[in-house]
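Asks: Respectively, the protein sequence lines represent chains A and B.
The opening position of the first sequence corresponds to residue 1 in the UniProt record's numbering, with each subsequent residue numbered one higher.
The opening position of the second sequence corresponds to residue 1 in the UniProt record's numbering, with each subsequent residue numbered one higher.
Possibly wrong hints are sitting among the right ones.
The list that follows gives simulated cross-link-like pairs (lysine-lysine, BS3-like), each with its CA atoms no further than 30 Å apart [unchecked claim]: (1) B:LYS183 to B:LYS237; (2) B:LYS296 to B:LYS244; (3) B:LYS84 to B:LYS143; (4) B:LYS96 to A:LYS336; (5) B:LYS345 to A:LYS326; (6) A:LYS183 to B:LYS237; (7) B:LYS84 to A:LYS211; (8) A:LYS183 to B:LYS393; (9) B:LYS249 to B:LYS326; (10) B:LYS200 to B:LYS237; (11) A:LYS211 to B:LYS94; (12) A:LYS183 to B:LYS373.
Think of the hints as simulated: they come from the structure by calculation, not from any bench.
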Amino acid sequence: MAFYIKPADGVISLSNLERFGKKRLIFLLAILRCDGTENFKRLISKLETTLDSDCLIEGSKRDRASHFLLRLVCCEDVEMKDFLLRAETELFCYRFSNMNTSELTHILKSTHKFVSSCLGFQSCAKDEALCDLYMTFEMIYASVGSWKTVVKKYMKDCTRETFQIPFQLALSLIASRQILVTKGLAQVPFSKLHVILSYLFRSVLCKGLEKAGTISSTSLYNEKRTSDLLHNLRIFCQRLLGKTQTAALFTGQETAITCDEIKQEAYLFPPCMYYPYRVLLQRHRLRHHSRIQFTLFLKEVGLPVTEALTFWKDEYSLPEVDKSGKEINGERSWQKDKKRYTYNIRHLYGLEGSRIDYKAHSCKFLQILLEAGTREEASLAYQSRKLTEVSLLDSYLSSMIMNCQFATTLLLDDIH
Amino acid sequence: MTESEKSKPTYSPDELPEYLPVYYKRLFPYSLYFRWLNYGGVQKNYFTNREFSFTLKDDVYIRYQSFSDQQEMEKQIQRQCPYKIDIGAVYSHKPKEHKTVKPTAFQALEKELVFDIDMTDYDDVRSCCQGADICPKCWPLMKMAIKIVDRALDEDFGFDHRLWVYSGRRGVHCWIADEAARKLSQNARGAVAEYLSLVKGGENNVRKVHLPENIHPSIERAIGIINDYFDDYALDKQDILGDKESWQKALAIIPDDNLREDVLKLMEKEKNSKDRWESFRMRHMSLVDGDANIRKSRHCCKEIGLQYCYPRLDVNVSKGINHLLKSPFCVHPKTGKVCVPISVKDVDRFDPFTVPDISQLCTEIDEYDKKNKPEVIEGDQPTPPKRRMKDYKKTSLMQSIEVLEQFVTGMEKGWQEKRLAMSGERWDQFPWAMFVRL
Chain A
1 MAFYIKPADG VISLSNLERF GKKRLIFLLA ILRCDGTENF KRLISKLETT
51 LDSDCLIEGS KRDRASHFLL RLVCCEDVEM KDFLLRAETE LFCYRFSNMN
101 TSELTHILKS THKFVSSCLG FQSCAKDEAL CDLYMTFEMI YASVGSWKTV
151 VKKYMKDCTR ETFQIPFQLA LSLIASRQIL VTKGLAQVPF SKLHVILSYL
201 FRSVLCKGLE KAGTISSTSL YNEKRTSDLL HNLRIFCQRL LGKTQTAALF
251 TGQETAITCD EIKQEAYLFP PCMYYPYRVL LQRHRLRHHS RIQFTLFLKE
301 VGLPVTEALT FWKDEYSLPE VDKSGKEING ERSWQKDKKR YTYNIRHLYG
351 LEGSRIDYKA HSCKFLQILL EAGTREEASL AYQSRKLTEV SLLDSYLSSM
401 IMNCQFATTL LLDDIH
Chain B
1 MTESEKSKPT YSPDELPEYL PVYYKRLFPY SLYFRWLNYG GVQKNYFTNR
51 EFSFTLKDDV YIRYQSFSDQ QEMEKQIQRQ CPYKIDIGAV YSHKPKEHKT
101 VKPTAFQALE KELVFDIDMT DYDDVRSCCQ GADICPKCWP LMKMAIKIVD
151 RALDEDFGFD HRLWVYSGRR GVHCWIADEA ARKLSQNARG AVAEYLSLVK
201 GGENNVRKVH LPENIHPSIE RAIGIINDYF DDYALDKQDI LGDKESWQKA
251 LAIIPDDNLR EDVLKLMEKE KNSKDRWESF RMRHMSLVDG DANIRKSRHC
301 CKEIGLQYCY PRLDVNVSKG INHLLKSPFC VHPKTGKVCV PISVKDVDRF
351 DPFTVPDISQ LCTEIDEYDK KNKPEVIEGD QPTPPKRRMK DYKKTSLMQS
401 IEVLEQFVTG MEKGWQEKRL AMSGERWDQF PWAMFVRL
């Protein structure tokens with residue numbers, strides 16, 4: 001499983017390059033949809049018989065060429081970058097898990113040797129991800145003195161013996177408290193070698209994408225043929241990912257909604273957004289992150305910024321109400337902080353500050369928010385674990401059904 | 001009213017405009033503050049590229065303040081008398097010039113790793129106060145939080161330079177100034193905060209702590225620290241098993257229904273929290289080892305203790321490199337109290353209720369000066385004081401400033417060594433070497 005540190009050398013025709021790029025994109029998308037190594041093996045064997053599959057053979061020149069090509073294709077768009085990071089890392093993990101002892105030993109040994117030689121060059125020495133890779137390899141190797149032993153212990157799923165690396169390189173294991181850490185050094189059991197290496201792979205790729213972003217705006221765009229190639233591949237990729245336009249600024253378009261319509265349409269909101277909405281109606285305030293998430297959600301469903309300002313003003317101008325229904329003298333209000341709230345809402349719509357068109361966050365993000373902030377209303381996204389709070393789900397559903405007759409008609413329609 | 005009560009100043013936010021100028025002119029420790037944030041001048045422009053934000057009166061908020069040196073900082077602060085000062089990140093360019101830089105080029109590069117522990121996050125387990133209020137009955141939560149988090153930052157992560165600060169009203173902050181900490185990525189900061197997080201779930205979750213079968217050593221150590229305080233804090237001050245409502249709330253955390261029923265029945269038999277807890281503990285110990293069905297509840301004693309006492313930090317404050325956090329030694333506008341550093345060694349003696357507020361401090365300076373006026377003999381010139389004593393030494397702020405002093409001097413040796421080393425070797429060849437703690 002190549003770390004894709006150096007692009008391939010050689011000559012290739014543009015049409016081939018484009019074909020390989022497309023092939024790889026399709027393959028990467030199929031990988032993300034793959035569930036488990038069995039399906040991956042089936043996917044591989046299916047592709048082995050098709051045309052141009054040699055661009056997917058691990059370590060081949062075409063494999064490297066198509067990978068680096070996709071870095072250039074995806075480096076400028078946030079969603080495409082994310083797709084490439086996830087898919088290539090998945091591919092790395094699958095390849096890793098399918099290697100036998102001698103293949104693994106060979107790969108680790110040769111990568112170690114290669115990165116050591118790389119660091120002699122100034123440009124590589126400044127690359128933090130490469131330095132991390134080098135340092136990790138050094139420290140893993142130093143723990144037992146031979147790659148053969150490292151691989152043996154990994155294959156044996158050894159949990160008792162560990163190697164030490166700076167905790168910054170084992171973040172997922174640290175965050176979930178799966179390993180020990182002492183004086184900044186994480187004690188990683190050999191059985192988790194693949195976690196460390198896939199994290200390194202991802203950061204090398206991340207850094208590579210950053211670099212690709214800086215060069216793609218120069219010489220490549222001046223040459224018509226390469227800029228066409230990149231352009232075509234970008235369109236192809238976007239189609240594959242099914243990207244749609246987000247309803248960012250809506251000014252009077254048909255798909256816009258008004259803040260009055262929110263009340264009528266609210267029953268259609270997903271539970272994770274319906275709950276904060278109900279809390280807002282009752283208490284006229286939301287906690288910070290919930291307010292941000294709900295604002296972004298309303299933006300995505302088509303609420304223009306002018307309507308949003310009215311919506312929040314209406315709620316936040318009313319006195320704050322506490323859990324028991326009593327009015328309290330809260331610290332936040334539209335009257336006091338009008339400027340701040342206005343600026344904040346406009347910022348979310350991309351009209352202030354860094355002018356970023358913020359997208360509403362996914363369920364996964366909201367679930368993380370649940371664990372981080374203990375009292376955020378927007379964190380009621382139902383995880384499989386939280387479904388054990390059956391009484392909660394039960395009361396929510398029954399309140400939904402009681403509050404809207406439409407739901408019952410929907411259910412009845414289904415039956416017919 | 002006795003003489004002392006009459007003379008004791010009581011603070012009100014309207015007094016801020018009167019006292020702040022005095023505070024900023026005579027008490028704010030500019031020199032130490034600059035020595036800290038300049039980090040020995042090891043990295044060029046580190047101080048000049050640091051963002052500060054000021055909150056002025058009438059809630060006017062200005063970001064992207066930066067200063068070229070200590071003198072300019074002093075001048076600006078004294079001129080504007082901010083009600084609140086926040087410290088942000090060190091950027092790629094001078095924050096005050098950020099509009100002249102392309103947005104994508106203006107980046108937050110480094111910042112201390114910070115933690116914010118706020119008493120309001122414990123509202124569901126405090127019976128004495130809610131919201132912004134604190135009292136001696138719930139303050140031990142902060143003592144435990146400081147000890148637990150500080151131990152982990154020191155022993156587990158190897159961070160040596162940690163400054164704990166009282167936030168002026170209802171919580172504490174921690175600033176970690178190690179070089180490795182300042183260079184941490186957003187993901188790394190989040191991971192450290194996650195490592196320290198245990199109490200999870202919103203107001204709709206009854207059970208917020210789920211311990212795995214094998215408890216991580218860092219949690220075990222936290223349990224040890226909590227045990228030192230548990231009897232006094234939870235059973236006595238908070239009285240968590242004091243009456244039916246309280247014990248039902250506490251014991252609702254037990255996952256296994258049968259065990260919970262069992263224990264609930266035991267509660268009426270005892271007369272106070274201490275005995276009830278002991279009784280619960282004994283029953284739990286005797287049952288859990290035997291019954292396989294109670295596996296989920298194997299740690300429920302510890303889980304209840306942790307839910308009531310384990311530190312609750314706001315992960316989002318720690319994650320963002322560009323997140324702005326209230327500066328030490330600024331004044332909390334609502335209470336008038338100075339955000340003073342807390343010495344971890346003496347954390348049990350720290351009393352937030354006796355932290356001085358600025359009206360008190362200004363009075364202290366006046367009183368000291370009155371008592372120590374040099375004698376004026378008629379006809380002669382008054383002898384000028386041999387050495388002007390720093391004003392803070394005349395006040396109850398002295399000890400707090402000493403804590404900051406220790407924090408800064410603790411780092412200065414390291415900066416000196418680094419400067420020497422850099423003048424000799426080519427550090428730019430292997431920048432990653434600075435990350436390594438071997």
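Asks: Quick one: which hint numbers does this structure break? Sort them smallest to largest.
Replies: Of the numbered hints given earlier, those the structure breaks are 1, 5, 6, 7, 8, 9, 12, listed in rising order.
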